[in-house]
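Below, each chain spelled out in residue letters.
Protein chains: 2
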Amino acid sequence: MELLKERILRDGKVKEGGILKVDSFLNHQMDIGLLQEIGKEFRRLFPDESINKILTIEASGIGIAAITAQYFGNLPVVFAKKTKSKNLDGELYTAPVVSFTRGTQFDVQVAAKFLGPEDHVLVIDDFLARGQALKGLMQIVERSGAKLAGCGIVIEKGFQEGGRELRAAGVNLHSLAIIDSIEGGKIQFRQE
Amino acid sequence: MELLKERILRDGKVKEGGILKVDSFLNHQMDIGLLQEIGKEFRRLFPDESINKILTIEASGIGIAAITAQYFGNLPVVFAKKTKSKNLDGELYTAPVVSFTRGTQFDVQVAAKFLGPEDHVLVIDDFLARGQALKGLMQIVERSGAKLAGCGIVIEKGFQEGGRELRAAGVNLHSLAIIDSIEGGKIQFRQE
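Protein chains in written order, with this note's numbering: chain W, -7 to 184; chain Y, -7 to 184.
Watch out, some of these pointers could steer you wrong.
Heads up, the list lumps identical chains together, so a pair's fine if it works in one copy or across two of them.
The calculated BS3-like cross-link candidates involving lysine-lysine, where the alpha carbons are at most 30 Å apart (straight line), are [to be verified]:
hint, residue 1, residue 2
1, K178, K139
2, K13, K76
3, K139, K32
4, K127, K13
5, K7, K(-3)
6, K178, K(-3)
7, K7, K178
8, K5, K139
9, K127, K76
10, K178, K105
11, K127, K105
Everything labelled a hint here was simulated from the structure, so no lab data went into it.
Chain W with its partners taken away, still in its complex shape:
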């Protein structure tokens, strides 16, 4: 997605430790016009009319998934939670996730009543690196008996293993921008 790549080149910042900061337009401040274009692109990449639910994970996935859902006929969006809350009760699907950025482990959780065998689920997230969060969401989809339609990612770090592993496993994965290298602070995208 050219518009996204241009934006990453213009406003993304490469930090030590393989960190790409896109906080000025994606995951701290959000450019809503850009999210609309991202949503349209996900619709083009996942045209399957039987998709009936979008699943994402708090926090950065939520805005992207909410805007994207508008291009899928206002499908319901479920966001998985990372922390226990008094608001989260009843039967839960959980999966363990190691966070690379935060240096912590946590359980990703979805109330069982919001996913089931009748669902055909598109998973949306902002970043794919090692694929931990995405694998956690996919485990939850599988446990619920729902069918996975695919995974839509805004930015994939192609120099980490998550995308390769998921594609090898046959997952219908689309990333709007795949970065193959950020060495020396220079962002290089994968050619499509």
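Starting from the structure of chain W, add chain Y where the hints point.
Structure of chain Y alone, referenced to chain W:
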């Protein structure tokens, strides 16, 4: 907002300890069509054309704020963070918040580069009860030198003190549904 009140009566669940669960349409699963109506109502309540930024707090505020921003000419949305991350660096505005639902205290944080004296900020959140999160966001707006246009809340628990205190302090606060009592599991809205 009648549509919202009807939805709360239909799908909201009252739990012990003054908890109102609206997870089937607002803060775990999101009804995007409802969020669009919420966004339109916020626009009607905050018609000030000089508003140039929307501020919310992760996680449940993000979807509401992102959809709402579309009715404000796609204004940028900044979401305050509740946890430290390698992605959050540089100068920060922080304010302490006690969470009633989670039984914890945390710092709400916004990168200083995303708020400043040139900003006229609308604060959006899903719930107002004791007003801790909202007061934290307002402190951050004040510290940044930005001007507060107002606060838009989806559901206010009118039987807790946050809304009363903020109105007494002159805050331009609008809640789309104010619940005056949930005693005995019966939801009673404030008459407007």
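Homo-oligomer pair classification [K105, K178; C-alpha up to 30 Å]: between (45 Å within a copy, 23 Å between copies)
Up to 30 Å CA-CA - K178 versus K7, copy category: Within one copy, since 11 Å is at most 30 Å while 52 Å is not.
My question is about K178 and K(-3): at a cut-off of 30 Å on alpha-carbon distance, are they close within one copy, between copies, both, or neither? within (13 Å within a copy, 52 Å between copies)
Using 30 Å as the alpha carbon limit, work out where K127 and K13 are close: within a copy, between copies, both or neither. both (23 Å within a copy, 28 Å between copies)
Which holds for K5 with K139 at a C-alpha limit of 30 Å: within a copy, between copies, both or neither? Cα proximity of K5 and K139: across copies only (29 Å, versus 37 Å in one copy).
Reference check for the pair K139 and K32, CA-CA at most 30 Å: within, between, both, or neither? within (22 Å within a copy, 34 Å between copies)
Could you place K127 and K76 in one of the four classes (within, between, both, neither) given a Cα distance threshold of 30 Å? both (20 Å within a copy, 23 Å between copies)
Taking 30 Å as the upper bound on the Cα-Cα distance, should K178 and K139 be classified as within, between, both, or neither? neither (39 Å within a copy, 38 Å between copies)
Homo-oligomer pair classification [K105, K127; C-alpha up to 30 Å]: Answer is within: at 20 Å inside a copy they meet the 30 Å cutoff, but 33 Å across does not.
At most 30 Å between CA atoms: does that hold for K7 and K(-3) within a copy, between copies, both, or neither? within (18 Å within a copy, 46 Å between copies)
With identical chains treated as interchangeable, where does the CA-CA distance between K13 and K76 reach 30 Å or less: within a copy, between copies, both, or neither? both (28 Å within a copy, 15 Å between copies)
Violated hint: 1 only; the structure is consistent with all others.
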